[in-house]
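Student: Assemble the whole structure, with the sequences as input and the hints as a guide.
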Amino acid sequence: MKTIDDLDVKGKRIVIRVDINSPVEKEGGKIVLNPRILSHARTIKELSQKGARVVVIAHQGRKGDPDFLDLKGHAEVLSQVIKHPITFIDELVGPRAKAAIQNMKDGDVVLLENVRFLDDETKGNAEESAIVKEIAPLADYFFLDALSVAHRGHASVVGFTKKVPSAAGRVLKEEVDALDKIMDSKDITFVFGGSKPEDSLGIMKKWMDDGKIKNALVGGVLGILFLKASGANVGKSEEFLASKGLLEKL
Numbered sequence: 001m002k003t004i005d006d007l008d009v010k011g012k013r014i015v016i017r018v019d020i021n022s023p024v025e026k027e028g029g030k031i032v033l034n035p036r037i038l039s040h041a042r043t044i045k046e047l048s049q050k051g052a053r054v055v056v057i058a059h060q061g062r063k064g065d066p067d068f069l070d071l072k073g074h075a076e077v078l079s080q081v082i083k084h085p086i087t088f089i090d091e092l093v094g095p096r097a098k099a100a101i102q103n104m105k106d107g108d109v110v111l112l113e114n115v116r117f118l119d120d121e122t123k124g125n126a127e128e129s130a131i132v133k134e135i136a137p138l139a140d141y142f143f144l145d146a147l148s149v150a151h152r153g154h155a156s157v158v159g160f161t162k163k164v165p166s167a168a169g170r171v172l173k174e175e176v177d178a179l180d181k182i183m184d185s186k187d188i189t190f191v192f193g194g195s196k197p198e199d200s201l202g203i204m205k206k207w208m209d210d211g212k213i214k215n216a217l218v219g220g221v222l223g224i225l226f227l228k229a230s231g232a233n234v235g236k237s238e239e240f241l242a243s244k245g246l247l248e249k250l
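Using my numbering, the first residue of the sequence shown is number 1, and each one after it goes up by one.
Hints are not guaranteed to be accurate.
No farther apart than 30 Å at their CA atoms in a straight line, the calculated lysine-lysine pairs in the DSSO-like style are these [stated by the list, open to error]:
#1 K186 to K2
#2 K83 to K45
#3 K212 to K63
#4 K123 to K50
#5 K26 to K196
#6 K98 to K83
#7 K212 to K181
#8 K45 to K10
#9 K50 to K105
#10 K12 to K173
#11 K63 to K30
#12 K72 to K123
#13 K2 to K133
#14 K45 to K72
#15 K63 to K133
#16 K83 to K50
#17 K83 to K123
#18 K123 to K186
#19 K105 to K10
#20 K196 to K244
#21 K72 to K133
It should be emphasised that the hints constitute simulated quantities derived from the structure, not laboratory data.
Tutor: Here's what the structure looks like:
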């Protein structure tokens, strides 16, 4: 797997796809600082310090959800974390985004708008999407830096790889290395949680079928789902499970 260590990034325009999808405060709608931002900040800071011209692309939420927001707040938080200015560009394709990328100097960092604001981010031919057509010609390299989105066939994840020399960022490399250790191990205690129980259930079944799970600890929405399956009274959480269509999993 090619990584940052294999490339001379100084003076190069690097498009890097990260996963900084973040919790949002109910009051005020501010982005909550979280491990994802802290992890990706390390990669962004390293590239900037090495003299790369860093173009960050990312998503936040899904259309129709309360946390489907622009990325201005993310730019502010990331800038505070890496102690370096990050310019937020409130578009993905168009004259402002193009000019901002073309005018970058070594060490500059820009964050483009939420990729899911574009309809063809999740639909159609990824290589022919607007963001790839507009941004790929301006890029020297594309870095994918998040295993959490690597399985998606979205334009910002896979579209650049056929157009621009590509490599793994620090976070993705660390995540893949950790998975490699699991692949070579058995009798593992897993901890499953988060807000996407469908994904966790799929992974759990895979590892159980492979005989790798010794124990499984569950929390979050997945934990509530297991409690419901065991016959426990989960109170108002049952309404949440129903609203997400999760009771159908039982």
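Student: Hints first: check each against the structure and report whether it holds.
Tutor: Evaluated hints:
With a C-alpha separation of about 28 Å, the suggested pair K186 and K2 falls inside the 30 Å cut-off, and the hint holds. With a C-alpha separation of about 9 Å, the suggested pair K83 and K45 falls inside the 30 Å cut-off, and the hint holds. With a C-alpha separation of about 37 Å, the suggested pair K212 and K63 falls outside the 30 Å cut-off, and the hint is violated. The hinted pair formed by K123 and K50 fails the criterion: a straight-line CA distance of about 35 Å is larger than 30 Å.
For the hint pairing K26 with K196, the CA-to-CA distance comes to about 20 Å; that is within 30 Å, so the pair holds. For the hint linking K98 to K83, the alpha-carbon distance of about 25 Å falls within 30 Å, and the restraint holds. Between K212 and K181, the direct Cα distance comes to roughly 12 Å. Compliance with the 30 Å bound is thereby established for this hinted pair. A threshold of 30 Å between alpha carbons decides the hint, and for K45 with K10 the separation of about 13 Å falls inside it, so the pair holds.
Taking the CA atoms of K50 and K105, the gap is near 12 Å; set against the 30 Å cutoff, the hint holds. A threshold of 30 Å between alpha carbons decides the hint, and for K12 with K173 the separation of about 21 Å falls inside it, so the pair holds. Proposed proximity of K63 and K30 is supported: the alpha carbons are some 18 Å apart, at most 30 Å. Taken as a hint, the K72 and K123 pair is honoured in the structure, with Cα atoms around 25 Å apart against an allowance of 30 Å.
For the given pair, K2 sits about 24 Å from K133 by alpha-carbon distance, which is consistent with the 30 Å threshold. Straight-line distance between C-alpha atoms of K45 and K72 comes to about 18 Å, which keeps the hinted pair within the 30 Å bound. For the suggested pair K63 and K133, the alpha carbons sit about 23 Å apart, so the restraint of at most 30 Å is met. Distance hint between K83 and K50 is fulfilled; the C-alpha atoms sit about 15 Å from each other, no more than 30 Å.
Note on K83 and K123: the hinted pairing is violated, with a Cα-Cα distance of about 36 Å set against a maximum of 30 Å. Restraint check for K123 and K186: the C-alpha separation of about 38 Å exceeds 30 Å, so the hint is violated. For a cut-off of 30 Å, the pair hint linking K105 to K10 stands: about 10 Å separates their Cα positions. At most 30 Å may separate the alpha-carbon atoms for a hinted pair to count; K196 and K244 meet this at roughly 10 Å.
Pair hint K72 plus K133 holds up; C-alpha atoms about 24 Å apart against a cutoff of 30 Å.
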